[in-house]
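Engineer: Chain by chain, the residues:
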Amino acid sequence: MKYETVIGLEIHAELNTNAKLFTWTENRFGGEPNTRIDPITLGMPGVLPVLNKKAVDYTILAGLAMECAIQPYSKFDRKHYFYPDLPKGYQISQYDLPIAKNGMVEYELNGETRSCRIRRIHLEEDAGKLIHAEGGANVSWVDYNRSCVPLIEIVGEPDLRSSDEAVAYWRAVKEILEYAEVSDCNMEEGSFRCDANISLRPVGSKTLGSRAELKNMNSFKFVQTALEYEIRRQTRILDGGGTVDQETRLFDPAKGTTRAMRSKEEASDYRYFPEPDLVPLVIDDSWVEDARGLLPELPRARRKRLEDEYGVNAQTAKALTAEKAFADYYEKTAKTCGDPTGAANWVQGDLIGMLRAENRSIHDSPVKPEQLGALIKMINDGSISGRMAKEALDEMMKTGKPAQQVVQERGFIQVSDESAIDEWARQVIEENPDAAEKIRAGNDRAIGFLVGQMMKLSRGKANPKLANAALRKALED
Amino acid sequence: MASISLEDVEYAAELARLDLQPAEKEALVDQLGRILQYIGKLNELDTEGVEPTSHVLTIQNVFRKDRADEPMDRDDALRLAPDASGAFFQAPKVIE
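If you read the protein sequences in the order shown, they are chains E and W.
The opening position of the first sequence corresponds to residue 1 in my numbering, with each subsequent residue numbered one higher.
The opening position of the second sequence corresponds to residue 478 in my numbering, with each subsequent residue numbered one higher.
Treat the hints as calculated values from the structure; they're not laboratory data.
No incorrect hints appear here.
Subject to a maximum C-alpha distance of 30 Å in a straight line, what follows is the list of computed DSS-like cross-link-like pairs (lysine-lysine): (1) E:Lys-465 with E:Lys-401; (2) E:Lys-215 with W:Lys-570; (3) E:Lys-88 with W:Lys-570; (4) E:Lys-79 with W:Lys-502; (5) W:Lys-570 with W:Lys-502; (6) W:Lys-542 with E:Lys-79; (7) W:Lys-542 with E:Lys-88.
Note that this is a predicted model, so its numbers are computed, not measured.
Chain W with its partners taken away, still in its complex shape (with noise of 0.2 Å):
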């Protein structure tokens, strides 16, 4: 049945930006992996010829005109940002 490695939570976590502790790793391989192995339950029914599902709604098509409208306030939205700087947010530099 599925489990899940120490290196797969260590990845996961990198792509997520998670700094997790060793003891939350642990915690993680013994959580996810019971949560692998329940979902896995799935993978005993014979799915043979069925779409998969993408939507659990039976809607579709929902759209919107292409009409423009006023935008936000540039003040307001960059009072709600961690960090500002003149009419940008800023961010930590991610090139070097």
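Chain E with its partners taken away, still in its complex shape (with noise of 0.2 Å):
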């Protein structure tokens, strides 16, 4: 039989604030063990959390930029259940009044626009994490410092019918929250990570067949192998009769397959109960109006202005603003430079090629923005060639100087040996009459011209200055 295969995301992203959710301790990956600590995130008998409000508005940056409605009302709840990572027995969680509902990610999947509505966006604490003892040790060890960082869920609806749909997606929510800057997304320190529903169905059903939950995966390819090995034993069972269990499966990232978790990891009884230390949270018009000017421009509509202004394609476009760093460090090298094209091919190219070579991301680039517009309108107005501006930024990269500089201490332009400039000089004089005599009719501007076609002579190396100089002499005499 054909099946239809339906799937719903639930996306988790930390988010980036100073300090925890609901207390004062630095909210930052890493450090060591237990370091980032104290008695709210060990959950101590007695203490009182505090809702930390930047993590507010982050949630409601969150959902306007997922055009979501941001809930006037909303409250904390306790998740109940038992697992080392989470000290109080309880994970303090949003249940059934979220900060934000009903929202839509449009994304791009072979070059056409889709869409999956978003059910909600709750905000909870994250968990500690648990490294379990090798061998005959029959221990588990727990660092704390991820308890009580700020995390937000995103429900999806099962509005995603592939694998490679439920990737897009997953991608467009990505760009969307580094764009509003609320949260790094990194997914090698699992601040961005998600859990799939995924079901089939005999195509042409309306009702939806039992899911398999797949649980916490932090890549893109975990997520596409793990739906389709799912997509795979799934239409096994059907095929051969039977029903698939309602249940919650592991992928497994070294086989390629899923396994189901035993009953005893699964806790699915969370008797949820609202947190009767948190007042209820109420947000007001002001408050939403006060978000929405701190949005920035979304990936989608940036895309679209690239095109609109600076005339690059769709591809391009697309490719520069897969981050919005990328974007950034594009429009910036763009506007010292003058030429949008040149500097999309030197971002696109030379730039990230050269910083992927040094394991560095755009974010850390010795090579400023500024800097690599001066790099290309050195080439454009011909005071080099494109191979000496290639081993400049080469150079750049390692050293971090400005262009001009490296480009003069490389010797890169500015031969200033009058009698070779001066004979430049006569031959592209000799060579373009035309040009010479528009220049002595008092057309100054063509002076630019020639001055190119001496770098061209010279290969780049004839000091402007002087060229131009000497061409001004040539003319008159």
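Two chains, two separate frames, one set of hints: put the complex together.
Structural biologist: The following block contains the structure:
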């Protein structure tokens, strides 16, 4: 039988606030085990959690960026389960009254715009991290640095129909959160991860089949592989006349398969009740409007603007906007050099290549966009050749020196030997009599063309100032 | 009226990780049943159109500033724990 795949994602993103969700300890990844702790993080008896306002601001921003309705009244609830990574025996989360509801995320797949509805976005605390002792020792070690870190859960409707759609949607959510600057979405560090609900149903059927929930995946590749494995597994079961168990499954990255979690690992009865230690959260219109004012241009809008404003094609616009920092870098470079196409080529090509080779991100590029822009300008005004520019960029990357300095130090330009320059000037005037005539007739702008020709002739080495002077002198003669 | 079965008590005990003796379970069937019955009186009230109460206080929007401050000393924290090892809290292994 032909089946339709139905997938819904629950995406978790840690918010990049300075402090944790309900306490004062710094919210930062890593650090020595158990050095970012305090009595609230550890859930000691008698402590009182107090909500970090910034985390609410960020949740509102995320909600608005995903076109959600921000709820005027919400509250926090206790979700109970026993696991050593959860010191209190419950997680403070939001059950029936989340901060944001009913949104939508548009994403692109194969050049087509598609969308996935968002059911809700709620705010909760993250748990600690467990390390299980290997071998004989029958113990687990707990690091509570991550405990009480603010986390939003974005619950999508089951609108996704393939693993490709799931991954494209997940990417779009990541881009949006990065643009809104509410989460670093660092997948290696676990600050951006997702659970996937997946079921199959006969094509044409309107009722949902029983689903498997795939837990805790933190890479696009894992999600793709896990979902594809599940589609095959469930197809086999249904084709054989069986039924899919509604269960939680774990993805095994080494094998590329999923396995059922033992019921012991799965707690399904969370006994939610309102968190008595936290008062209700009332978000009025002015708060929402303030947040809306802080919302930056989102990836899809920016893509469109780059196409309109800089004349880059759709594919380039998409590549340039995949990361906000990358798009910012591009725009600064383009503005500095006044050549959007050249900037796009350099940013996407040599710059990113060199950064990758040095294992650096665009954030800590030793070459600032203004410097790359200056370099491109030198190519465009004929001061240096493209080949020299590549060498110069390489050097700038290694030393962090500005473009002008590198170009001078390496002697890429500035042949200042007057007799050589005079000779080039004579030759250029001889070869371009029309331009020479125009300048003599008072059209001073044509001098730029002749300077360019001199650069070409000297392979970019003629000192442009001297070249200019030499041309004028030669023209007067 | 509301009552509670032995299975309910055993299920709740399992969720709460309570190891109850048979006599304790019997006693709880009776006690919890009576508590539910007592609370069940509230069901006699007409609550049509009344919003559920989640907090009895009238205050709302109590916040802390997003400012990081000194953490707790790790050794102090680990000393209070039932079990610790090196820089970690230690718990019975939770997976096989």
